[in-house]
Amino acid sequence: MADEVLTAPLVLEYPFTRTTGPVIGAFLTGLREGVVQGVKRSDGSVMCPPLEYDPITSESLSELVPVSTLGSVQTWTWNGDPRPQQPFSQPFAWAMITLDGADTPMLHAVMVDGPHEMETGMRVEVVWRKEREGHITDIAGFVPAVASALGEPGVVPAGVEEVRSVRTPIRMEYTYSPGRALSQYLRAMKDKRILGDQCPETGQVFVPPRGVSSIAGRSTLPDLVELPDTGYIESFNITRVPIKMRPDLTPPYVSAWIVLDGASVGFMGLSMNIEPEDVRVGMRVRAVWRPDDELEMSAQNILGWEPTGEPDEVIEDYARVGRPDEEASGS
Amino acid sequence: MGTQRAAVLGVGQTKYDTTYPGSMAGMLREAATNALEMSGKSWADIDAVIMGKAPDFFEGVMMPEVYLAEALGCVGKPIMRVHTAGSVGGSTACVATSMIQSGVHETVLTIGWEKQSESNAMWALSLPQPFATSVNAGAGGYFSPIIRRYMMMTQAPELIGCMVALKDRKHALNNPYAHLHQPDLTFEQVVESPMLWDPIRYSETCPSSDGACAIVLGSEKVADAHDGPVAWIKGVAMRSESGSFGGRNMVSPAASEACANDVFAQAGIHDRRKEIDAVEMYVPFSWYEPMWLESLGFAEKGEGWRMVEEGATSIDGGDLPVNCSGGVLSSNPIGASGMIRFGEAAMQVMGLAGAHQVDGARTALGHAYGGAAQYYAMWIVGAGKD
Chain A
26 MADEVLTAPL VLEYPFTRTT GPVIGAFLTG LREGVVQGVK RSDGSVMCPP LEYDPITSES
86 LSELVPVSTL GSVQTWTWNG DPRPQQPFSQ PFAWAMITLD GADTPMLHAV MVDGPHEMET
146 GMRVEVVWRK EREGHITDIA GFVPAVASAL GEPGVVPAGV EEVRSVRTPI RMEYTYSPGR
206 ALSQYLRAMK DKRILGDQCP ETGQVFVPPR GVSSIAGRST LPDLVELPDT GYIESFNITR
266 VPIKMRPDLT PPYVSAWIVL DGASVGFMGL SMNIEPEDVR VGMRVRAVWR PDDELEMSAQ
326 NILGWEPTGE PDEVIEDYAR VGRPDEEASG S
Chain B
336 MGTQRAAVLG VGQTKYDTTY PGSMAGMLRE AATNALEMSG KSWADIDAVI MGKAPDFFEG
396 VMMPEVYLAE ALGCVGKPIM RVHTAGSVGG STACVATSMI QSGVHETVLT IGWEKQSESN
456 AMWALSLPQP FATSVNAGAG GYFSPIIRRY MMMTQAPELI GCMVALKDRK HALNNPYAHL
516 HQPDLTFEQV VESPMLWDPI RYSETCPSSD GACAIVLGSE KVADAHDGPV AWIKGVAMRS
576 ESGSFGGRNM VSPAASEACA NDVFAQAGIH DRRKEIDAVE MYVPFSWYEP MWLESLGFAE
636 KGEGWRMVEE GATSIDGGDL PVNCSGGVLS SNPIGASGMI RFGEAAMQVM GLAGAHQVDG
696 ARTALGHAYG GAAQYYAMWI VGAGKD
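Residue numbers (this note's numbering), protein chains in the order written: chain A, 26 to 356; chain B, 336 to 721.
It is worth saying that the hints were derived from the structure and are not from the lab.
Worth double-checking, as some hints may not be accurate.
As the list claims (entries may be wrong) - Listed next, with one range per pair, are the computed distances between beta-carbon atoms: (1) B:Gly689 / A:Gly334: 58 to 66 Å; (2) B:Val410 / A:Arg154: 33 to 41 Å; (3) A:Asp106 / B:Val410: 33 to 41 Å.
As the list claims (entries may be wrong) - In silico DSS-like links for lysine-lysine, alpha-carbon gap of 30 Å or less: (4) A:Lys155 / A:Lys65; (5) A:Lys269 / B:Lys350; (6) B:Lys412 / A:Lys65; (7) A:Lys65 / B:Lys376; (8) B:Lys350 / B:Lys376; (9) B:Lys376 / B:Lys556; (10) B:Lys720 / B:Lys609; (11) B:Lys376 / B:Lys720; (12) B:Lys556 / B:Lys720.
For every residue, glycine included, the Cβ atom is placed at its ideal position computed from N, Cα and C.
Working from the sequences, and respecting the hints, build out all of it.
Laid out in structure tokens, this is it:
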């Protein structure tokens, strides 16, 4: 269908770090040493896992106390379809577990054969991971406690190195959709045609099309307008130092705002076939397309913008960018 | 407009640095505790907490307001998060002020922060997008073409930006909280620093900082009862506009000028340059000082750079000292940067700015902008109630 909306997978991920602070840091240090600790509140009750600040009084907390590795399930739910990164790959229970010596529950995983083996009030015990690094996942999970289990609170050895920060990688998977207007634009790109849309009130032409005029607050669909692949550079940046995030771009390179003939606004493009020092504001350019057999439904079909050799565009007002209404509709 | 008077009772900051050694909660707690101490208030006196930070992607903490409630003493109290990109610290203070001006609350704690060491803002600002061509890398790549237009428009000498950078770094030497302390920095070093986003040199960009800034605000009744100096809020204004439309004035966006006109009118100020004693302006890239001087009406169009050249914006003899704290160019915990501007403006009229105090400052402007120069927040504070 011609107006079908395109979609593509999009993954965003980043290995964020967290500075733990003294309380969470001590808790994670304990886990690495095979000891679970809670933090004591001013009324004598113990929170495990601990918090740096009291959730009722907001007081600053600091006194860590070891608790048992045995505890009771307060409530639970069955996870029949675990996702990657979860504690177990086979189905397991998520449970709120209050360890002996603590007054608040911890959320963790209980490994049993099925929900019929779970029950509120059941006794469970910690299963430690063999390689521990000072992270909540040092507790691999919980299993039903055997009758002989003691679960004696441990002691964090003196002088061990404190955990000060943890890695918390975050990954999000999206199905990205550019929307109706951009989908049409991308389809046309495959035929080396550039589409824009027009504000129904002011006549301003936007490239790439947005489907809506931000000036009038009205839809610009369904009719898009075709523009030539020529225009001018209205201003530019020369990136001269490598940007860690963009190993594909070799400095120095020029990112320029390109205003197509007939368009009211510019978009960013790469200047090509000219030395950065020779790029000028007002310089006339045309698109450099990928070879025909490599064209896709992508703006990446335009590799960059090269000089046409025509006389420079005359810019009268350097403060304003793009063409205001009266020029756009006339050109 | 029939609003209640509001005043700043206390400003609290952390030492801005590459890495704050504690947790995010601990960092906010320290700034809030410092603000409470200056205000003479306790956690129990606070009616509500209004917080602001930059996009979640910048730190990877979703809904930080939930995680931070107990650290900020707001158990059982209203908590609200404001979000307007880089201007958020200013907008957050504006929203907190409106909570008092409207008569809803008597005493409000407002706070902004960023822990850039745990994340990468450059990554967050350069996210990939399917189907698209991305040649932009970070905020500098976006703002450098606008600065180029300003330079062409005004024919300003090409080292004006370097003068701003050196001035702000010298100012920072008098601010113990500033991130960059470079006592031996010379003009030659600023000039010889490599071009990063040409025409922006590395030395003309802001650092990546950790830090938090908190402000305690009170109603007229609370401020009158306060034992110590206060900063009366004479005007607050916010504006926004679309980031791209034909003929947009990118050098001095309409939203910036409208926001300035509003805040100066509220404060009853006619001669802006004469009546304002100190300015804390959001200048993440050096050339934005002359650009905002014009946009805010302190200089005629095309003449802002002359104020820089004449030294008018230096605390050392200038008639309109700008960024006596060292500004964003010396400390940039993004979500806090706007609030630092507002807080530092208040400290000036309270007479509590220490070694970077402008002698006899009575009226000051706090300014922030964000996004694609789309969001604006400003306040004017004064030493006197009327």
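Hint check results:
A hinted range of 58 to 66 Å holds for the C-beta pair glycine 689 of chain B and glycine 334 of chain A, which are about 60 Å apart. Distance hint check: the CB atoms of valine 410 of chain B and arginine 154 of chain A are about 34 Å apart, consistent with the given range 33 to 41 Å. In this structure, aspartate 106 of chain A and valine 410 of chain B meet the distance hint of 33 to 41 Å, their C-beta atoms being roughly 36 Å apart. The suggested pairing of lysine 155 of chain A with lysine 65 of chain A holds, with an alpha-carbon distance near 28 Å, which does not exceed 30 Å.
Of the pairs offered as hints, the one joining lysine 269 of chain A and lysine 350 of chain B holds, with about 28 Å between alpha carbons and a cut-off of 30 Å not exceeded. Straight-line distance between C-alpha atoms of lysine 412 of chain B and lysine 65 of chain A comes to about 24 Å, which keeps the hinted pair within the 30 Å bound. At roughly 27 Å between alpha-carbon atoms, lysine 65 of chain A and lysine 376 of chain B fall within 30 Å of each other, so this suggested pair holds. Taking the CA atoms of lysine 350 of chain B and lysine 376 of chain B, the gap is about 22 Å. The hint holds against a cut of 30 Å.
Between the alpha carbons of lysine 376 of chain B and lysine 556 of chain B the distance comes to roughly 14 Å, so the proposed pair stays at or under 30 Å and holds. Among the hinted pairs, lysine 720 of chain B with lysine 609 of chain B is consistent with the structure: their alpha-carbon atoms are about 19 Å apart, no more than 30 Å. About 21 Å separates the Cα atoms of lysine 376 of chain B and lysine 720 of chain B, which keeps this hinted pair within 30 Å; it holds. Our distance criterion of 30 Å between C-alpha atoms is met by lysine 556 of chain B and lysine 720 of chain B, whose separation comes to about 12 Å.
Checked against the numbered hints above, the structure breaks none of them.
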